[in-house]
Amino acid sequence: MSQADPTKAAARSWLRREQRAGNRAARPVLMWHVLGTLAGIGQAFAAASVLAGAFTGSIPAAPALLAFGMLALVRAGISYLTERAAFAAGATARRRLRSDALSRLLHAGPTMLRGRHSGDLATIVVDKIEALDGLFSRYVPAAIFAMVGPSVVLLAVLYADPWAALVLLGCGLLVPVGMAVAGIGAAAASRNQFLAMGRLQARFLDRVRGIATIVLYGRAEDEARALAIAADDLRARTMRVLRVAFLSSVVLDLAAALAMVVLAIHYFGLLRADGTAGILWPALAVLLLTPEFFAPLRTFSAAYQDRLHATGAAESLIDLPPLPEPAPAREIRTVAAQGVTVVFDNVRLTWDASRGPALDGLSFKAAAGETLVLAGPSGAGKSSVIEILLGFVRPDSGRVTINGADITDLVPQALSRLTGWIGQRPVLFAGSIRDNILFARPEASPEEVAAAATAARLDQFTAGLPAGLDTQIGEGGYGLSGGQAQRVAIARAYLKNAPLLLLDEPTAHLDPATEQEVLDSLRRLALGRTVILASHSSAAHGFGGRRLDLRDGKLIAARGVA
Amino acid sequence: MTGPLFRVIGLWGRQTGWLLFGLAMSLAALVAGIGLMTVSGLTIGAAILAGSLAVPAILRGFGASRVVLRYLERLVTHGATFRALADMRVWFFRRMAGTSAGGLGFRQAGDVLSRLVGDIEALDGLYLRILLPLAGAVLLLPVLVLLIGHRSAGLGTEIGVLFAAAAFALPWLAARASGSAGSLMAKEAGALRVAALDALTGLREVRAFAAEGRMIAAVQAKEAALLSAQQTMASRTAAAGAASFLCAQIAVLAVLIDAGKSPAVAIAAAFLVIAAFEAIGGLPRAGALAGYASAAARRVLEAADAPVPVPDPADPVAMPTGTALRFEAVEFRWQPDRPAVFDSLTLEIAQGARVALLGPSGAGKSTLAALALKVVAPRSGHIRLGGVDIVTLPAALVRTRIGWLGQTTHLFDDTIRANLLLARPDADEAALWAALDDARIGDVVRALPDRLDTWVGEGGTRFSGGQGRRLALARALLSPAPILILDEPCAGLDAETERSFLETLNETAAGRTLILITHRLTGVEKLDRIFRLSGGRAVAAAG
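These protein sequence lines are chains A and B, in that order. Our numbering puts the first residue of the first sequence at 1, with every later residue one more than the last. Our numbering puts the first residue of the second sequence at 1, with every later residue one more than the last.
Only chain A is shown next, with the shape it has when bound in the complex:
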């Protein structure tokens, strides 16, 4: 049944591919593991010699004791180096996979946020990649060593006592069989655990973000109780995984205990029957090597959970949109003297089929240097026009051209170079006000930043702050009012200085006096640029330029000079 699930099949083949890639990186770890086992065999033989010699007096103790001590030092060094090598293998893989996941998310762009929580996406980039560490640092080397290690020990046991080697081989073979049986259920349960984890995290982030709303409605206690239920759900799911996953450890415990009991009783019988001489050394060597035989399997068993974790993480990673093929960039000419001409030709766009089309055959032209005001009630399609021009979304049908080039042919970087944008709700990043303005153009000089702040009327506010433009603002722009946050966004647009200016309700949260000031600044910025302004504010309608009235994604009236 699980074979039919395409996500799981894809996750499995992704994991197989990654494991093959990990095999090469795991070679140093494996080499140290094998050397450690060889030293361990030497120690077991030496200890057996000392103990057997104590009975018979036939073997001199000093050289064996010296060997034991030297090998102990060597093994301690090897165990240190093994862990260093394992960390390096995991770190290299995480670095590669995290960059890949983030690039994919960033290239997929803002449409990722429709229906998905940014906290969820951050979980992929941070936690799910971290969850893959064990696959590369532990599971991959352990999986190879689980074959190699016991084989090496088995050869040593074969040398000491062939019959004991047979017993160990038999018990050892129990382990993979038992793990295969336990592993099937555990993989499915692991995915459930990861889903619960993601939902729980998203819920925490969402509730913590809105904690003011919760507290002011007096609902903190109810929410705390709801979180307790969610946490309890996570525990129930996790325990379901572990109940099965621990069975693979039971198989191992059983095999190891069985081998120990069978061998000990076997030697007990032999030693009672024919005294001490011949078999004391092999008996001791074999019993000392038995834990050594199972140690690689134990390591593998512990690492097996790393693979289950990785399966859960892999399923969210293969879900990510693929990186686009590097398209043959058709750069369009943007000669400043000519400016940018935007044409919409019978454009249709539907976000959600149940809500009807957002744009329903919309056609218009904004000539170079022209200002176009899109008017109409909320939901008329004003924002959709802007989002198409920003490249956030592609039209379902129809054609949008910029200077004659189809917008879908433009690489995002080329499109971004052409457009300046001020949206309804600017996202301000944690950092200073200056950092937030510089976001528009990081290489800008301090003078340019200051000029942009002045043009956006931000300086009036920052002048009253002790740290001025270097005042730190929190995530979401705490410490700034809605209007002040919007002015930071406007300063960004000034700094970017692009030939096509897209304004999406830029004055929605400003009082009339400030709105006028900002519109004045924007009017100055608009000179020589193509401007598309979406607004239902009457003040903005006095911005100048041509006005298009939209309703239900259609053009119902055009006013002003065509």
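Please keep in mind that the hints were generated in silico from the structure rather than gathered at the bench. Cβ coordinates follow ideal geometry from the N, Cα and C atoms, glycine included. Be aware that one or more of the hints could be misleading.
[Unchecked claim] Which stretches of chain B does chain A cover? Using the computed rule of at least three CB atoms under 8 Å from a CB of chain A, they are:
1) 35 to 43
2) 66 to 73
3) 197 to 205
4) 242 to 251
5) 267 to 276
[What the hints assert, rightly or not] According to the in silico footprint, chain A covers these stretches of chain B (three or more CB under 8 Å from chain A):
6) 79 to 85
7) 188 to 194
8) 212 to 222
9) 394 to 400
10) 416 to 429
We have chain A; now place chain B onto it with these hints.
Quick look at chain B alone, frame taken from chain A:
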């Protein structure tokens, strides 16, 4: 360093039964495991010395119980850990709710999330990997010393010292050594999450400004810092592990050197020592991790112990029946080094009055609501509700009297229904629709296939900005509070809808005090008084 960890353990009180059950299972499994190894060694000696014939039966018994007890131990101890951790999450959220009414402030949501989930989960090794093996070591030490010291006091002491070194001294040293690396790791993990959230929450900005490369570089820089902190930690953990291994080997060597005296006992002793040291082999590594866990515990508690911005009165007076709101000579600034928002604000809003507060952005319109809601306290002056100074009233009760629509009111990633019910959990279907209709969003919701059960998305992203505002407005209107403070209720509405909303607001809020915070009036509002806020004071504009 151990202080925060002890306080965390104290938070697990409710789960004491489970935790002790896990401990018992763990110790029983340990005894069975050590017994199996020791008796195996003893078998050889017993065979040679023609000892007890019961040895095979004992062996089988230890073998079987070892397997069963290990499985039970794993299940019970993990279950107990998860229970304790769930308790701690909820405790933390409750504490946060008590301290952060004013929003997250300068604390970053991503950082808080990292604390909640990452740091709390970092503490899961505390019971499983630190406390349990430590308890096992405490049990094993006297057993080891007595069993081996029984024959040779010198050897017993020697092994006891080595065991104590591996079980107690090394972990303690490792914890000290890794303390700074652990704090750094927790900090860098938080920073990486904030960088990732910045890039992903700001996907629109990132695309519009073609900042993909820069954002990836920023995340990679944080990742490099995290990896370097993790590497330091890994090296210390590896060193602690190697040192513990050496202690075990020296102990075995001591037994071997002493083997000549009584070879049969030496064999059993060698197996006992190997098994005992293997059982505590993880402790020095756990010690290295304890530094990390301790840093996580400190951060968790630090966030939870943040001061309450407006403490409730120790001895609250009875809630007044009246709902007149009066500000008397209120002075307020957000931070001591920022300019005053109000220097001497005096304002009276009678019970049932309809008042508009006008003023440019930054004039303190929203601050006025924060003061009335006891989110912040004035530096001087009084705010009276029904004639009683709200300083003497519990914040929770004051808030039941005031329904509030803020500029940044949060829509939760939940259904429309759940978002509305936040304001009045017992509201029936009809009341929900009435509120939605009053807020001019009823028709939009009716047209959705899932209607009230439609998911609104993060911060209401599945709706347009105007629609999201109206959902928040519906929630505020649903609130049964006798005073309604609506902060820019018409932001994001087109002129037509705004007019029709304001016209019906009069019936909607009948009998309630209405405080309309806005930057402009349309002329259709029916108001008793209009105040203009400027220069930190309220001036009656008309009325």
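Legend entry - Assertion that chain A covers the region 197 to 205 of chain B - criterion: three or more residues, beta-carbon distance below 8 Å: Three-residue rule met by the region 197 to 205 of chain B, so holds; n is 9.
Legend entry - Stated coverage of the region 394 to 400 of chain B by chain A [criterion: 3+ residues, CB within 8 Å]: holds (count 3)
Inset, instruction - Quick one: see if chain A covers the region 35 to 43 of chain B, three-plus residues with Cβ-Cβ under 8 Å. - result: Contact hint for the region 35 to 43 of chain B vs chain A: holds, 6 residues under 8 Å.
Inset, instruction - Establish whether the coverage given for the region 188 to 194 of chain B by chain A is satisfied; the threshold is a Cβ-Cβ distance below 8 Å, and no fewer than three residues must meet it. - result: holds (count 4)
Inset, instruction - Report holds or violated for chain A covering the region 79 to 85 of chain B, Cβ cut-off 8 Å, minimum 3 residues. - result: holds (count 4)
Legend entry - Stated coverage of the region 212 to 222 of chain B by chain A [criterion: 3+ residues, CB within 8 Å]: Check passed, 6 qualifying residues.
Inset, instruction - Count the residues of the region 66 to 73 of chain B whose CB lies closer than 8 Å to any CB of chain A, then report whether that count reaches three. - result: It holds: at least three residues are needed, and the region 66 to 73 of chain B offers 4 whose Cβ sits within less than 8 Å of chain A.
Legend entry - Outcome, coverage of the region 242 to 251 of chain B by chain A - at least 3 residues whose beta-carbon is closer than 8 Å to one in that chain: holds (count 6)
Inset, instruction - Tell me if chain A covers the region 267 to 276 of chain B under the three-residue, 8 Å CB rule, please? - result: holds (count 4)
Inset, instruction - Establish whether the coverage given for the region 416 to 429 of chain B by chain A is satisfied; the threshold is a Cβ-Cβ distance below 8 Å, and no fewer than three residues must meet it. - result: holds (count 3)
When the structure is compared with the earlier hints, no violation turns up for any of them.
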